[in-house]
Amino acid sequence: MSSVRILIVEDDADHGRSLQEAISDLGYEVEVAATGEAGIEAFRARGADVVLTDLVLPDVDGIAVMQRIRALGAAPGDFDDGVCLH
Amino acid sequence: MQKGLKRRFSIAWTAASWVILIAALAIVGLFELRRWHRQAAHQAAAHVVAERGQWLAMSLALRAASAADAQNPEAWREFSSLLRSLREVEDELEYVAVRRGEATLFQEHVADSEGPAGGENYHFSSPASIRRHMLASASGMIPVVTFSVGVTNLQAEEVTLELGLRRRAVEREGWPAARAIDSLYHLSLILLGTAFAVCVGLVVWVVRREEHRARARRREEHLAFSGMLANGIVHDFRNPMSSLRLDAQMLEKETARGPEARPERMASLASRMRNTLDRMEKVFQEFLTLARPDSATPEKLDLGAVARECVEMLTPRLEASGIRAEIQAGDAPAWVRVSSAALKRSVLNVLLNAIQHAGADGRVWIQVSETPTRMRLDIADSGAGIPRADRERVFEMFYTTRPKGTGLGLFLARTAIEQNGGTVSVVESGEETGARVRFEFPRVT
Numbered sequence: 000m001s002s003v004r005i006l007i008v009e010d011d012a013d014h015g016r017s018l019q020e021a022i023s024d025l026g027y028e029v030e031v032a033a034t035g036e037a038g039i040e041a042f043r044a045r046g047a048d049v050v051l052t053d054l055v056l057p058d059v060d061g062i063a064v065m066q067r068i069r070a071l072g073a074a075p076g077d078f079d080d081g082v083c084l085h
Numbered sequence: 000m001q002k003g004l005k006r007r008f009s010i011a012w013t014a015a016s017w018v019i020l021i022a023a024l025a026i027v028g029l030f031e032l033r034r035w036h037r038q039a040a041h042q043a044a045a046h047v048v049a050e051r052g053q054w055l056a057m058s059l060a061l062r063a064a065s066a067a068d069a070q071n072p073e074a075w076r077e078f079s080s081l082l083r084s085l086r087e088v089e090d091e092l093e094y095v096a097v098r099r100g101e102a103t104l105f106q107e108h109v110a111d112s113e114g115p116a117g118g119e120n121y122h123f124s125s126p127a128s129i130r131r132h133m134l135a136s137a138s139g140m141i142p143v144v145t146f147s148v149g150v151t152n153l154q155a156e157e158v159t160l161e162l163g164l165r166r167r168a169v170e171r172e173g174w175p176a177a178r179a180i181d182s183l184y185h186l187s188l189i190l191l192g193t194a195f196a197v198c199v200g201l202v203v204w205v206v207r208r209e210e211h212r213a214r215a216r217r218r219e220e221h222l223a224f225s226g227m228l229a230n231g232i233v234h235d236f237r238n239p240m241s242s243l244r245l246d247a248q249m250l251e252k253e254t255a256r257g258p259e260a261r262p263e264r265m266a267s268l269a270s271r272m273r274n275t276l277d278r279m280e281k282v283f284q285e286f287l288t289l290a291r292p293d294s295a296t297p298e299k300l301d302l303g304a305v306a307r308e309c310v311e312m313l314t315p316r317l318e319a320s321g322i323r324a325e326i327q328a329g330d331a332p333a334w335v336r337v338s339s340a341a342l343k344r345s346v347l348n349v350l351l352n353a354i355q356h357a358g359a360d361g362r363v364w365i366q367v368s369e370t371p372t373r374m375r376l377d378i379a380d381s382g383a384g385i386p387r388a389d390r391e392r393v394f395e396m397f398y399t400t401r402p403k404g405t406g407l408g409l410f411l412a413r414t415a416i417e418q419n420g421g422t423v424s425v426v427e428s429g430e431e432t433g434a435r436v437r438f439e440f441p442r443v444t
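Sequences listed follow chains A and B, in order. One point on numbering: in numbering that gives the first Met the number 0, the residue at position 14 of the first sequence is 13, and numbering is uninterrupted. One point on numbering: in numbering that gives the first Met the number 0, the residue at position 358 of the second sequence is 357, and numbering is uninterrupted.
Below, in silico cross-link-like pairs of lysine to any residue (SDA-like), each with a Cα-Cα straight-line distance of 25 angstroms or less:
1. B:LYS252 to A:ALA12
2. B:LYS252 to A:VAL31
3. B:LYS252 to A:LEU18
4. B:LYS281 to A:ALA12
Under 10 angstroms between C-beta atoms, here's a sample of chain A residues computed to sit facing chain B:
5. GLU9
6. ASP11
7. ASP13
8. HIS14
9. ARG16
10. ALA21
11. ASP24
12. ASP53
13. PRO57
From chain B, some residues computed to sit far from chain A (all C-beta separations above 10 angstroms):
14. ILE26
15. ARG167
16. ARG214
17. PRO262
18. GLN284
19. ARG316
20. ALA340
21. ILE354
22. GLY358
23. GLU369
Don't read these hints as lab results, they were simulated from the structure. Source: prediction; values computed, not measured. We treat Cβ as the ideally placed atom computed from N, Cα and C, and that holds for glycine.
Could you build all of it, start to finish, from the sequences and the hints given here?
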């Protein structure tokens with residue numbers, strides 16, 4: 000139904016699952032990655048329209064994840080500014 | 000805290016006792032000094048009066064001898080008028096008497112009398128003598144100093160002159176010195192009193208300030224600790240609460256579907272909510288442990304026995320993870336003095352950590368050893384180890400590498416052990432040996 004793909008980077012598995020289900024219910028395609036590296040890998044492999052990331056992750060922090068995902072994009076203009084959700 | 004307060008009070012008491020002792024010694028010293036100086040001043044005054052009396056007696060004796068030679072009333076009138084003029088300069092002149100043998104030629108009480116001057120025809124037959132006695136007068140008994148001197152006249156008769164000076168003369172002579180001594184004494188007393196008051200004030204001020212500082216420090220520590228706890232609770236509860244809210248919203252939506260609601264989905268949501276609540280309770284329990292001061296008193300424990308007990312408690316967990324635990328301890332007990340609850344909780348926390356990081360089919364080693372002054376308990380695992388840079392960070396609050404870790408285990412272990420006089424640290428951790436956490440305590444015989 001929808002072409003919007005959302006990537007969630009969250010190390011708390013329960014929280015990730017809750018987010019995944021809640022957002023899926025809204026009709027989006029959701030993928031959850033448990034670590035920063037896994038999130039970057041998922042983006043590289045399958046791409047995403049929206050990336051939601053936790054700031055505190057076991058390997059790389061959320062800011063670094065966003066920076067590296069941006070670096071993967073074709074041009075900086077392809078991305079909206081990062082929004083920090085607390 | 001109570002001990003510190005007691006120590007400060009004992010310091011204050013010691014200081015106050017010293018100040019009081021020194022003040023008392025100073026007062027006694029000042030009093031003695033004053034007495035000694037007054038005595039010296041009195042002696043000096045007495046000496047002056049004696050010299051003056053002798054000089055007066057000798058001068059008058061010559062004139063008395065001459066009057067006795069003249070043997071006429073006119074001579075004695077002159078002698079008497081001389082005495083009156085003398086009285087003008089010598090207030091304390093009480094009486095003058097002139098005797099020849101047993102006969103009194105002249106006697107006058109203070110005033111009225113006359114007499115002429117003597118000359119080189121007379122010579123002193125005896126040196127002037129001084130004696131102190133009480134003299135009866137109209138106003139009662141007066142203390143006097145009597146100067147006697149004998150002169151031989153032209154008829155080779157001895158004429159004795161007796162001159163009485165009131166003893167008050169000595170006091171009058173010494174009066175300025177005594178006044179000066181008294182003034183200095185009073186000034187010293189005032190200075191001493193002021194210094195004493197300043198010292199007492201200082202001691203009271205220092206004690207009060209110390210108490211105030213200690214209270215402020217305790218308040219700050221308490222606030223910092225409360226802040227840390229509050230921060231921790233917010234940190235650890237944020238994700239579970241967000242999960243709960245989402246799950247509750249989804250449960251609501253599912254329920255709203257009425258007959259189309261999927262019971263298995265509702266059950267899965269409810270079950271996840273219960274899991275989340277369990278997690279929150281676990282974190283809460285750990286915070287409660289942290290907030291509650293360990294009231295257990297230290298006791299003599301064998302590190303080897305504690306290690307065996309903890310491994311036994313974790314056997315189900317070890318078997319489930321397929322991890323082998325090995326205890327290396329000598330036959331002799333390794334005695335330490337520590338709160339049993341704190342030590343066991345800490346060892347369990349570190350052991351759990353080791354089990355979680357040992358990896359599949361891993362191993363955990365528990366080693367009890369000793370140095371000349373310390374007893375050691377090492378817990379090592381076959382995991383990936385802790386990078387050198389993170390060896391201290393692992394003891395920080397909320398530091399964790401596991402998605403479900405609270406980051407409190409090692410922090411709580413270190414807090415409890417340090418409260419009991421021991422230390423916990425990560426040592427010689429490398430890629431091949433895994434992490435090694437070392438507990439150290441002072442030896443107990």
